[in-house]
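Line by line, the protein sequences give chains S, W and X.
Heads up: the first sequence at position 238 corresponds to 240 in my numbering, and the numbers run straight through without jumps.
Heads up: the second sequence at position 233 corresponds to 236 in my numbering, and the numbers run straight through without jumps.
Heads up: the third sequence at position 15 corresponds to 17 in my numbering, and the numbers run straight through without jumps.
Simulated from the structure, these hints should not be mistaken for laboratory data.
One or more hints might be untrue.
Said to hold, decoys possible - If you want the footprint, here are the derived chain X segments under chain S, 3+ residues with CB under 8 Å:
(1) 68 to 78
(2) 87 to 98
Claimed, not checked - Here are the simulated distance ranges between beta carbons:
(3) G160(X) - A236(W): 49 to 57 Å
(4) Q126(S) - G160(X): 19 to 27 Å
(5) N31(S) - K64(W): 24 to 32 Å
(6) G7(S) - I226(W): 45 to 53 Å
(7) S46(X) - D38(S): 30 to 38 Å
(8) K64(W) - Y167(X): 32 to 40 Å
(9) Y122(S) - S46(X): 45 to 53 Å
(10) E42(S) - G193(X): 14 to 22 Å
(11) Y167(X) - V266(S): 31 to 39 Å
(12) G188(S) - G160(X): 25 to 33 Å
(13) E42(S) - K64(W): 38 to 46 Å
(14) K101(X) - E72(S): 33 to 41 Å
What the hints assert, rightly or not - Derived coverage of chain X by chain W (criterion: at least 3 residues anywhere in the stretch with Cβ under 8 Å from a Cβ of chain W; other residues may be distant):
(15) 15 to 29
(16) 155 to 166
(17) 175 to 189
Note that the Cβ used here is the ideal one computed from N, Cα and C, for glycine as well.
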Amino acid sequence: MNVTGILIAVAIVAAIGLFIGIFLGVAANVFKVEVDEREEKILGVLPGNNCGGCGYPGCSGCAAAIVAGEAPVNACPVGGDAVADKVGEIMGVKAEKKKRMVAFVKCQGGCDKTHEDYHYTGEQDCQMIAFIPNQGPRSCNSGCQGFGTCTKVCPFDAIHVVNGVALVDKEKCKACGKCIAVCPRGLIELIPYDAQFAVACSSKSKGPQAMKECTASCIACGMCARNCPAEAITVEDMHAHIDYDKCISCGNCREKCKRNSIIVH
Amino acid sequence: MKSCIERLFNGIIKENPTFVLTLGMCPTLAVTTSAINGLGMGLSTMVVLALSNLIISALRKVIPDKVRIPSYIVIVASLVTVVGLLMEAYVPGLYASLGIYIDLIVVNCIILGRAESYASKNKMLPSLFDGIGMGLGFTFALTLIGAVREFFGNASIFGLTGPKVYGTSIPVLLVELVNKIFNPDSSSAFVRGLGDFFTGEFASFSPIGILVMAPGAFFVLAILTAIQNVIKAKGEAKGKDMSKIQSGCSSDCMSCHESGCSRRLVEPEKTEAKKTEEVKEAVTEAEKPAEEVSEAKTETVEAAGTQDVKSGKEDE
Amino acid sequence: MNGNYFINLMIVAITSSLVSNVVLSQFLGLCPFLGVSKKVKTASGMGAAVIFVITLSSLVAGVVYKFILTPLHITYLKTIVFILIIAALVQFVELFLKKFVKPLYEALGVYLPLITTNCAVLGVAINNVNDGYDILTGVVNGFATAAGFAIAIIILAGIREKMEYNDIPKPFRGMPIVLVTAGLMAIAFCGFAGLI
């Protein structure tokens with residue numbers, strides 16, 4: 003029994019352990035990065051799913067921006083008013099109430115309303131549409147092709163391809179903006195959650211052509227715009243647009259639209 | 004005592020570290036070039052696992068929370084050193100063939116994971132049996148994989164080759180058999196072929212050598228995981244809860260150091276459910292006042308009618 | 003130091019990075035290899051972090067082994083001491099980067115705690131001891147091993163990115179197809195066997 007050997011071994015390992023402990027302790031103090039404690043608190047209040055809807059890299063990025071004063075306290079679209087209030091408390095600022103917005107796909111040209119120009123068996127990726135013959139197999143070239151890239155990027159499982167066209171579940175949508183960024187045709191836009199009516203068409207084709215392409219396309223006849231009491235509808239780019247700041251949800255536009263382009267939201 | 008037996012069964016069958024939890028892939032792939040290696044590695048891991056569980060469970064009230072991972076690592080490293088030295092002394096052949104993988108038991112996910120998830124929260128005896136159970140499951144898995152690789156790749160079982168064992172690659176055997184049948188030079192080639200089969204003259208047969216080499220390990224594991232996926236899919240089709248069966252470390256490693264493989268062992272469903280719960284709570288809290296506000300808005304709009312556009316706006 | 007020594011260093015470097023590649027031949031570091039190889043960007047970040055940590059740790063481990071463990075005849079304690087050193091080193095590097103090189107921390111920082119329990123780091127340190135390398139050869143060995151890891155993980159990430167839209171049979175989706183790919187890569191790397 004070589005006791006000296008045992009003692010040396012114990013001593014050396016203990017010494018190394020002690021040295022490392024002290025070294026790290028000192029290093030932690032010397033290399034300490036000052037973090038504003040408000041940032042930690044805000045980070046705790048934010049939902050924490052790092053969707054990027056605020057425009058900052060993750061929830062920690064948003065917290066840092068809020069503390070730095072770059073972002074307003076209601077920057078988080080997912081957390082909505084409740085989180086904005088809490089963040090406002092931490093920052094000592096009153097939070098403004100933001101209207102809840104949801105994404106909406108301005109197209110309803112699914113398999114039942116449009117037809118296929120040809121049968122496509124290539125990659126199901128919306129970003130590749132520019133390279134596909136005739137901009138995609140669907141008869142309408144301005145609408146949703148239904149390949150579903152938007153469904154892949156949604157962190158909240160709020161958008162799905164139903165009947166060949168993308169459809170947003172407005173209960174689940176948190177307006178983070180990821181689907182909007184990825185749609186190559188810009189078909190998705192944010193509208194208020196409680197908007198009652200929406201134009202589900204983005205057709206840029208002239209009237210007769212649009213009628214051939216889809217059974218529910220907007221032909222830019224202008225009936226909706228003429229009959230809107232709040233003058234909230236304009237016809238641009240050969241289809242109708244509703245201005246939700248003016249819209250009073252009366253429903254006249256939907257009644258007057260012969261093409262069933264304006265739908266109930 | 005009941006919980007101890009339950010721990011044993013849990014480790015061997017229900018939560019087998021290799022087949023169900025897919026942990027500790029490094030030694031699984033590296034060491035299973037033969038059944039004996041797999042057995043030896045599994046047993047040494049079992050010893051380390053059981054003892055480390057025991058010690059950590061004994062010290063669980065003493066170790067402060069902040070330094071618990073480093074202290075667990077030190078305990079496991081000491082045990083591995085001891086086991087390694089014992090193996091070097093008493094089974095030098097095995098020690099030589101296992102090489103550095105004995106020392107690498109220290110960083111085996113299973114040991115640290117079990118320590119963190121089970122041993123640090125439970126009494127000594129169940130922890131010990133948990134370690135033994137997991138270790139036995141691991142040993143069983145390693146031995147099985149090692150036996151398969153050895154059988155098809157090296158034409159041997161547990162080191163035994165030749166006429167004693169029909170250990171050769173079956174497809175090659177069949178091809179040779181068919182060849183012998185249709186070989187016009189030999190009479191009653193079929194009988195001859197069968198005779199060869201049963202007397203074990205496999206001079207012309209060669210095993211699938213790649214299985215005992217590095218790439219073969221990947222292929223074997225791929226097939227194993229694929230089989231596991233099939234079982235999982237069938238189980239889910241029937242409605243059983245298959246969430247315990249993971250499919251390898253395919254999850255995003257970005258949050259591994261926060262959750263760690265250990266968290267998966269704790270109660271994987273709970274932690275995942277907890278996180279989604281928290282997000283859901285935050286979101287439903289946000290939704291409630293928004294809903295109230297929107298309800299108030301629609302009431303005001305309906306009450307005011309289409310004429311009072313401005314009053315509706317003021318209410319917002 | 004004569005020419006032979008440097009030739010030896012080169013041989014060590016080529017052997018560790020290509021011929022007996024740390025992941026595809028020695029099976030060390032599989033967890034991050036399979037887990038962090040989804041995108042080429044994250045894979046290159048991980049590769050860079052691994053090179054950084056392994057080179058540094060093989061240096062420190064080599065020094066400690068030569069000047070502390072060997073003279074006192076306690077080389078059997080190498081496992082414990084090495085793992086302590088590695089854990090401490092990673093922690094220290096994280097603190098250092100966070101304070102002084104913030105962009106690097108943003109890029110690599112997430113992977114650093116992952117590397118602590120990575121087989122490859124401890125494996126390299128022990129390999130240096132078992133093969134009897136001196137400190138410089140040990141560092142070169144470490145750097146080359148990590149470079150081999152980086153090469154392998156980036157190649158795998160590239161292949162995985164390409165495979166993303168492929169029609170893979172259901173049982174093989176997820177981990178199994180990645181393992182098959184790794185196996186094929188291992189076969190390819192076997193071709194380096196006659197290089198030295």
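Hint check:
Check on the stretch 68 to 78 of chain X: 5 of its residues sit with their Cβ under 8 Å from a Cβ of chain S, so the three-residue criterion for coverage holds. Residues of the stretch 87 to 98 of chain X lying with their CB closer than 8 Å to a CB of chain S number 6, which satisfies the three-residue condition for coverage. Between G160(X) and A236(W) the Cβ separation comes to about 29 Å, which falls outside the hinted range of 49 to 57 Å. Distance hint for Q126(S) and G160(X): a CB-CB separation of about 22 Å, consistent with the stated range 19 to 27 Å.
The hinted window of 24 to 32 Å between N31(S) and K64(W) holds, with their beta carbons roughly 29 Å apart. Roughly 49 Å separates the CB atoms of G7(S) and I226(W), a value that falls within the hinted 45 to 53 Å. Range check, S46(X) to D38(S): about 32 Å between beta-carbon atoms, so the 30 to 38 Å window is met. Range check, K64(W) to Y167(X): Cβ separation about 53 Å, and the 32 to 40 Å hint is violated.
Look at Y122(S) against S46(X): about 35 Å separates their beta carbons, and that is not inside 45 to 53 Å. Roughly 52 Å separates the CB atoms of E42(S) and G193(X), a value that falls outside the hinted 14 to 22 Å. Distance hint for Y167(X) and V266(S): a CB-CB separation of about 36 Å, consistent with the stated range 31 to 39 Å. Between G188(S) and G160(X) the C-beta distance comes to about 31 Å, which sits within the given range of 25 to 33 Å.
Range check, E42(S) to K64(W): about 30 Å between beta-carbon atoms, so the 38 to 46 Å window is missed. Our hint of 33 to 41 Å for K101(X) and E72(S) is violated, since their Cβ atoms are close to 23 Å apart. Counting residues of the stretch 15 to 29 of chain X whose CB lies closer than 8 Å to any CB of chain W gives 4, so the stated coverage by that chain holds, three being the minimum. With a cut-off of 8 Å between beta carbons, the stretch 155 to 166 of chain X has 0 residues touching chain W; three or more are needed, and the interface restraint is violated.
Three residues within the 8 Å Cβ limit are the bar, and the stretch 175 to 189 of chain X against chain W gives 13, so the coverage statement holds.
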